[in-house]
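Residue numbers for the sequence shown follow this note's numbering, beginning at 13 and rising by one.
Among the clues, some could well be false.
Restricting the straight-line Cα-Cα distance to at most 20 Å, the calculated cross-link-like pairs of lysine-lysine (PhoX-like) are [claimed, not checked]:
(1) 27 x 113
(2) 27 x 89
(3) 205 x 137
(4) 89 x 137
Quick list of simulated restraints, FRET-style, between CB atoms [what the hints assert, rightly or not]:
(5) 182 x 110: 31 to 41 Å
(6) 130 x 39: 24 to 34 Å
(7) 110 x 174: 31 to 41 Å
(8) 86 x 128: 16 to 26 Å
(9) 174 x 36: 14 to 24 Å
(10) 109 x 203: 44 to 54 Å
No wet-lab data here; the hints were simulated from the structure.
Since we're looking at a predicted model, the values are computed, not measured.
No residue lacks a Cβ here, since even glycine has one placed at the ideal position from N, Cα and C.
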Amino acid sequence: MEKIIFLDRDGTINKEVEYLYRPEDLVILPGAAEGIALMRRAGFRIVVVTNQAGIARGYYTEGQMHRLHGCLNEELKKRGAWIDDFYFCPHHPVHGIGEYKKTCRCRKPDTGMFEEAAEKYQVDKSRSWMIGDKRIDVLAGQNFGIPGILVSSGYGAETRARALRQGEEPFYDFYAETLVDAAEYIIRKGREKHG
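Please model the entire structure based on the sequences and the hints provided.
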């Protein structure tokens, strides 16, 4: 069994850029590489799960997205971190065009990308986590049966503030300022739970 960190991409690892696909627009967020490196050293695999509605809308191709992912991994490796696998949803139920316009099981908060990863890796759900900057990221992890961490980057701070204003109970298992904070929390919880 493997312990896996499932990570959202935009707003979690890299700066939120509307429909990002050009490598020159890629900016890795402060603490992202360091957090990933910390989790790798603690024995976690790192798997990205990302909704890519820009493909569905025809703004860029799957090939352009794969190229961006290659560039992202190259940049992370320079900082001692890397992603083991990227899973993506290219569909949108309303705004998709052609074959990409459909309701699917892979679009977060559904769990298709997690299930696809589970076909490759034996996911130890008791020691795996989902980290993202949106409610749908956290809910996708919880729907798959793993805890979800909301990070403040991207839409995270705004999402948390809105939930607090509305008097909601926290929908996330932990709130982290950065991926480093998330990593330190996960490692600490692992020591408490598994010794």
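Evaluation of the provided hints:
| no. | hint | verdict |
| --- | --- | --- |
| 1 | 27 x 113 | 27 Å, violated |
| 2 | 27 x 89 | 18 Å, holds |
| 3 | 205 x 137 | 13 Å, holds |
| 4 | 89 x 137 | 27 Å, violated |
| 5 | 182 x 110: 31 to 41 Å | 39 Å, holds |
| 6 | 130 x 39: 24 to 34 Å | 31 Å, holds |
| 7 | 110 x 174: 31 to 41 Å | 34 Å, holds |
| 8 | 86 x 128: 16 to 26 Å | 24 Å, holds |
| 9 | 174 x 36: 14 to 24 Å | 32 Å, violated |
| 10 | 109 x 203: 44 to 54 Å | 48 Å, holds |
Of the numbered hints listed earlier, those contradicted by the structure are 1, 4 and 9.
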